[in-house]
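Protein chains in written order, with the working numbering: chain W, 1 to 401; chain Z, 1 to 401; chain X, 1 to 401.
All clues given are correct.
Capping the alpha-carbon separation at 20 Å, the derived lysine to any residue pairs in SDA-like fashion look like this:
#1 X:Lys278 to X:Glu231
#2 W:Lys251 to W:Lys278
#3 X:Lys36 to X:Arg125
#4 Z:Lys105 to Z:Ile31
#5 Z:Lys36 to X:Leu97
#6 X:Lys378 to X:Arg398
#7 W:Lys73 to X:Lys73
#8 X:Lys73 to Z:Phe5
#9 X:Lys378 to W:Phe397
#10 Z:Lys36 to X:Trp94
#11 W:Lys105 to X:Ala43
#12 Z:Lys278 to X:Val291
#13 Z:Lys278 to Z:Val203
No wet-lab data here; the hints were simulated from the structure.
Remember, it's a predicted structure, so these values are computed and weren't measured experimentally.
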Amino acid sequence: MPTVFDVTTWTHSADPSITCYTDIGALINDIIARIKQDQPDQAAKPGAVIYIPPGDYPLRTRVTVDVSYLTIKGSGHGFTSSSIRYNTPDTSNWHELWPGGSRIKVQNTDGNGEAFLVSRSGDPRLSSVVFKDFCLDGLSCSPHQNSYLNGKYGIKVNTANDAFRIEGMGFVYLEHAVTVRDADALSISGNFIAECGSCIELVGSGQATKITDNLIGAGHVGFSIFAEQHEGLLITGNNIFPRGKSSVHFKNVNRSSITANRLHSFYPGMIDFEGVNKENLISGNHFRREVEPWPPMQSYNNGKDDLYGLIHLRGDSNMVSTNFFALNVAAGAITPPGATPVVIRVESGDANHISNNRAVTNVAAKAVLLASTTTATKVLDSATASEFQADTQNHTFRATP
Amino acid sequence: MPTVFDVTTWTHSADPSITCYTDIGALINDIIARIKQDQPDQAAKPGAVIYIPPGDYPLRTRVTVDVSYLTIKGSGHGFTSSSIRYNTPDTSNWHELWPGGSRIKVQNTDGNGEAFLVSRSGDPRLSSVVFKDFCLDGLSCSPHQNSYLNGKYGIKVNTANDAFRIEGMGFVYLEHAVTVRDADALSISGNFIAECGSCIELVGSGQATKITDNLIGAGHVGFSIFAEQHEGLLITGNNIFPRGKSSVHFKNVNRSSITANRLHSFYPGMIDFEGVNKENLISGNHFRREVEPWPPMQSYNNGKDDLYGLIHLRGDSNMVSTNFFALNVAAGAITPPGATPVVIRVESGDANHISNNRAVTNVAAKAVLLASTTTATKVLDSATASEFQADTQNHTFRATP
Amino acid sequence: MPTVFDVTTWTHSADPSITCYTDIGALINDIIARIKQDQPDQAAKPGAVIYIPPGDYPLRTRVTVDVSYLTIKGSGHGFTSSSIRYNTPDTSNWHELWPGGSRIKVQNTDGNGEAFLVSRSGDPRLSSVVFKDFCLDGLSCSPHQNSYLNGKYGIKVNTANDAFRIEGMGFVYLEHAVTVRDADALSISGNFIAECGSCIELVGSGQATKITDNLIGAGHVGFSIFAEQHEGLLITGNNIFPRGKSSVHFKNVNRSSITANRLHSFYPGMIDFEGVNKENLISGNHFRREVEPWPPMQSYNNGKDDLYGLIHLRGDSNMVSTNFFALNVAAGAITPPGATPVVIRVESGDANHISNNRAVTNVAAKAVLLASTTTATKVLDSATASEFQADTQNHTFRATP
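So that you can see chain W by itself, here it is in the shape it has in the complex (with noise of 0.2 Å):
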C-alpha cells in the first residue's frame, strides 16, 4: 500500500484528464480519496505525504483535508517579490517573473475561496497534518496589484486541531495566507509569508501554539500575526517587516509571550491590543518605526495615528520590559499635526508593569502614555520625566534617571 505520493506521477481515478498540470487541487483530493481508500482500518490510519516537486501548478478546485497525518509538502518555498514585478513599468528584460519552486498558483474557478481547506467533523480533532516547503502564490489582486485584496486563503483551518506544522512554506499575494481556528500546540516556523493581505491569523481560540523563525510582512490591509482567545502562544525568533496595519494584534489573548522578535513597520500600532488581554509577557523585542519610503505604498496607512502608540496595550497585568524603539517619524509627517508621538500606550486596563524599555526617537515623544481609565499600573526605568505622561494619578512611576 504505497503512502508516497508524487503529484506528477499520479494518475487520477476518474479523470485521467486531470493532472497536476491542470488542476493540482483536483489530483491532490483523488489522492486523499485514494488514502482514504487504503486505510479504512480505524486502527491503522497513519495518512501520508502527498509530494510537489518544483514547478509551476494550477489550482481550480480547492482541496478539502480531512485525514490526520497527512504531510503537503514540495521542494521550495521559491518566494520572490511580487509586489517589486507589479509597480515595475516594464519587465521585458527581466531573468524571471513569478515566483517559483514548488509552486501553485492559486486560481480557484471553483467558487472557493481556499487552495487548502482543512476540516472535519467528528471526533477527534484532526492530528499532526503538516504543510512543508513549498510555494502558495495569489498571482494577482484586484482592484489593483497594491491593494492585497482577492478573497484567497492559502490554507484555512476551519475545525478544531492538534499539533499541525507550518512549516518552511512560502506564501505571496494571498488576501490570507494562513488561518487556522481552534489551534491546540501548533507549530508555524521557518516560513516566509510577505506581500499577503494577512500572513497568519489564529481565529476561535487556542492554546501552547508557537510562532517562531518566521519571516512575516503583511499588507497595509490585513495582519502579519493575529491572534484571539489565545492562552500560551509563544510568538519569538520572528523578523516581521512591514507593511501590516499592525506586526501582531492580540484579542482577548492570556498568557502569551511576544519575545526576541524584530518588528518593523510603518505605521503606529506594532502591537495592537484589542478587547482585554492579560499577563502577557512583552520582551526582548526590537521596534522600528519609519515612515514609508516606497512610493507605490505612500498613499497607504492603516488610519492610526502617532499618538495610538506603537505599543497599544488594552488589559490587565501584562509586562512590557526589556524592549527597544527605535522611532523616526519626519516632524511633518506626524498625525495629528503637531502631535507628540506615544511609543507605549496603555489605553486600557488595570496592573500593567512596563519596565526597564529604551525608546529613541528623532522628535520629542513620550516613551509612555497612560490613559485615564487605567489604574495601578507599574512603569519603571521605561521613560525619564519628561517622556511620561499619565493622565491618571492611580499609577506607580520610576522616571528613568
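Given chain W's structure and the hints, the job is docking chains Z and X onto it.
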C-alpha cells in the same frame, strides 16, 4: 553503492520473512550491517539515510546505531493524544485511534527497553547521527494508562557523541523519549514530545548543546527537560506544557541559559535546581502555574508544595531576570493548607541575582523568598516589600515600588 | 520536464566521464545548464532541486548558481571535528577519519576559491536559492592544520539576493564558510558551522535577515558572525562557541538585535562593534569568557587584551540589557599584566543605554567602562560603584545596590 535505504523495499539479508511490517528494528539493524559492510574504509565512511515512509511499523528488536553520519528519517511526526483516547470511554465512532505518520510501534519483545540505542566504544565519538520526522509510539503504559510507566526508551544515546540532531520527531507514550549521555553540540529542535514519562534527559555531562523550538510536555512522573553537568546549554524558544514534575530540571549545571520559553505547569517546581548550579541565566520566560483542570489527572501531582517555588534555585551566581509569572491556585488547593505560595525560592547558594521580574497571583504570595542559608542574594525590582521574605540578613533588596 | 536531479544518476551532457565521483562541481554546473535549457520562458521558471545522497564527492570545479528557486540539498550535515583528528598523533585505530553525510570535498583544482558561487547580473535579484542538509568540507589548511587558512569559500553569494535559505548545513575547514553580499530577508538557520576561518559573513549591506538556531564556532583567525551595513538583522537562539576572534562583529550595523544567544569565547571582544553602529539591542544573552584550555590552540589569540571588553561598543543609542557575563581568567593570564578586565566597554558614541546586566568574575573587574569620548551613556543596575569606571563626566550612573 547505495546510501539511501527505504525500509519498505529492503529485503533482509538473512531472513526475508523479516520486513518492516514484522519487525522494523531487525530490518534497520540489517541495513546498518550493510552500510558497515559497504563502507569498510576508515577514510571513506559517509554514512547513509534510512527512510521510513508513512506507515505503522512494529519494532520488536532494538536498533543499535554504531555508525556516524546515519540519518534515520520519516515523513511525519504523527503525534496525537493517546491520553485523551485512553480516557475516553467510547471511541467506537472515532475516525482514528492511534498516532500516525511514519510511526514505529515500540513493542520490544527482545527484552530490551530501547527502540533505538546509540552506542559505540573507541574513537572517535559518534558524530552527526540524525533522527528526523518520524514517530516513536510506546503504545501503552502499565499498571494503567495514566501512569506514563512502561520501561520504554525512544532514543537512548549511551556513549559520548558530537553534533547529533534530533529534529522534527514525534514521541508519545514512552517512559523516556530522548536520553542522551555526554552530548557535545547536540541539537534537539522542532520536536513534539508529549505524554511521555520524561521527554528530554541529558545525562552524564555535556556542553554547547541547544534545545530550541520544541513543543514538550512530560507526564507527572518525569521530566520535560532534565540536564546534569552540562555547560553552555541553551534552552530557548520552547513551549513547555504540563504535566511534567518540572518544566526544566538542572542538576549541577553551569553557565547555561533558559530564555524566551513559555512554561506551563500544574505543580510547583517548574524550574527545579538540584545540587549546585552556577552562573546560569533565566530570562524572558513566561511561567503559568494553575491547578490541574482535567479530571483523569487530578489525582496526580509531583509531591511538592506551594512553598517550593515555581523556580527553586540552588547554586551560586545565577541570574533570574525579566520573567513573568502568572500563578492561579484556588485558596483551598494550596498546600500545605493556608500557606503563602512562593514564586521564586532561593533555597541555597551565594550571590544569586534576581532582578526585574513580575509575579501576578490570585492569592497573596511571596514573589521572592530567600532561605536561611543563602548569602549575598540581590533582589531588585522583583517583589514589593510585602511580597518579599528573607530568612537571612545576608542579602540586598530593592523593592518594586 | 524533470525538476528533481540526483547527482548520482545524472549523466554529464558533454563528457560522461565526469560524474559526481570525479567532479561534483562540473556535474552540478551541467545540471544547472539543463535547468536553464528546460525553462526558457520568462514566465515559467520554477527552478529545481538537486539532490546529493550521502557520499563523498570531490568538487574540482566551482559551481556557479545563477538561477532562482534552486534547492541544492543532501541528507546529512556530516560534521565531525577535523581539529581533533589533525591534533591526534595516531588515528590508525579510529572508526572513521573524515566528516561524512552528503559530503562535498572542496578541492577546487580550477583555480577558484569558491565551492559554490551564487551570482547573477540584471533584474530581478536572485530569489529563494536554498542550500540544505549537506556538508562542505575544506579538507585541510595551510601552512598548518591549526591555521584555518586555505583560501576556500563554501558558499559565496556575490550579488544582491532575496529570500535565500541556508539551513541544516554542515561546514568544516573552510577559510570562509558562508559569505553573502547584499542580503534581503535571508535565513541562516539550523546549521552547524565550526572549525572554519570565518563562519558567517554578511558583507556589502542587507536588511531583514535572520541568523537563528545555529551551532557556530569560527577559528581564531576569523568571525563567527560578521555583518556590515545591515539593518534589522535578528541574531537569536544561537549557540556560538569558540574560537572565533569574536562571536558577533558589527560594522556600521543599525537597528539589529542580538538576543537570547549563548556565547562562549577564549578571548575578549566577544561582541565587537566597528565603525558607527546605532540603535541595536543586545539582550538576554549568556557570555562565557575563559582561557583556552586545549593545548594545541593555546598559542593563538585574537590580539585583544582584557581592557577591550567582552562587549566593545562603538556607536550611538544602543541598548545592552539583561545579559549575563561569566568571566574566568586566571590572574596570571590577564593582559596587559595586572590589568583590571573590562566586561562592557563603551568605546565611543552617544546615548548608549546599559541596564540590568550582571557580571560574575573571578578577579576584580570593571563591569562597565565608559571611554573618555563617550557622551550621555546611561548605566543602570549593571555595575556596583567599584565595578564602574567612567573616563568622562558625561554620563548617568545608577549603581547596582
